[in-house]
Amino acid sequence: MQALQREIPEFLAVGAKEHQRRLAFLQQAGAGPAVVWLGGFRSDMRATKAESLSRWARDNGRACLRFDYSGHGESEGDFATCTISQWLEDALAMLEAHTQGPVVLVGSSMGGWLSLLAARQLPPGKLAGLVLIAPAVDFTESLMWAQFTDTIKRQIMETGLWLRHSEYSPEPYPISRALIENGRGHLLFGTPFRTHCPVHILQGMRDPDVPWQHALKLVEHLPDDEVTLTLINDGDHRLSREQDIARLIAAVAAVSAR
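If you use our numbering, the sequence shown corresponds to residues 601 to 858, in order.
Wrong hints could be hidden among the right ones.
What the hints assert, rightly or not - Straight-line C-alpha distance at most 20 Å; calculated EDC-like pairs for lysine to aspartate or glutamate:
(1) Lys726 <-> Glu696
(2) Lys726 <-> Glu689
(3) Lys726 <-> Asp824
In case anyone wonders, no lab produced these hints; they're calculated from the structure. Keep in mind it's a predicted model, so treat the numbers as computed, not measured.
The whole structure should be built from the sequences, with the hints applied where relevant.
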């Protein structure tokens, strides 16, 4: 399959005064509902799944928007100082400025959590569907803080920062006290909620970062929505293999058709 030529991003100014930053985005025109990519923690809009989804959208005449959060990829900002609130603000600003009509949010890992948070703030009729890939709902609390040792917790609280080794990058990920504490204001688990749209979850059962039981917990929290859960027996966290991409595109097409 021929690779897409590297596109030059546009930029959107988000935030006020000293908090303003320029977010990089790539947009292509087409029919709706527009497909909007929300990437994962430390990922970017040129990652494998995002590029594949963009290629599919272009080949099928679909509108598509992808962007980098603050401190990610080609956007401005210091990752170590960013929070869930800031990344949610980024997503909502992009949706307001660069989409018209209904959208399908495709959220990967952290992007799955942000997609669900955005769904609670979008106006009625804006959200046509959600496709969530290993959705890391409440990850700062249940998948990070709850798993950290007392030593790590103490370092975060006393110094404000801990560098976490990553299997996906040669550089460690900075985990800040601000990220953990801010995340507690956005927790979803504990009370059932509604997205008012079809939801399709893709989850690998060999995912070391977001256990497949986490996806089941999410399904339990959406009792009144139309939810499809696809468990991939040999799937990892990234779900970027050819067969995984095919499942992703099929899910986006199916949700869009509804």
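So, going through the hints one by one against the coordinates:
| no. | hint | result |
| --- | --- | --- |
| 1 | Lys726 <-> Glu696 | 10 Å, holds |
| 2 | Lys726 <-> Glu689 | 17 Å, holds |
| 3 | Lys726 <-> Asp824 | 18 Å, holds |
Of the numbered hints stated above, none is contradicted by the structure.
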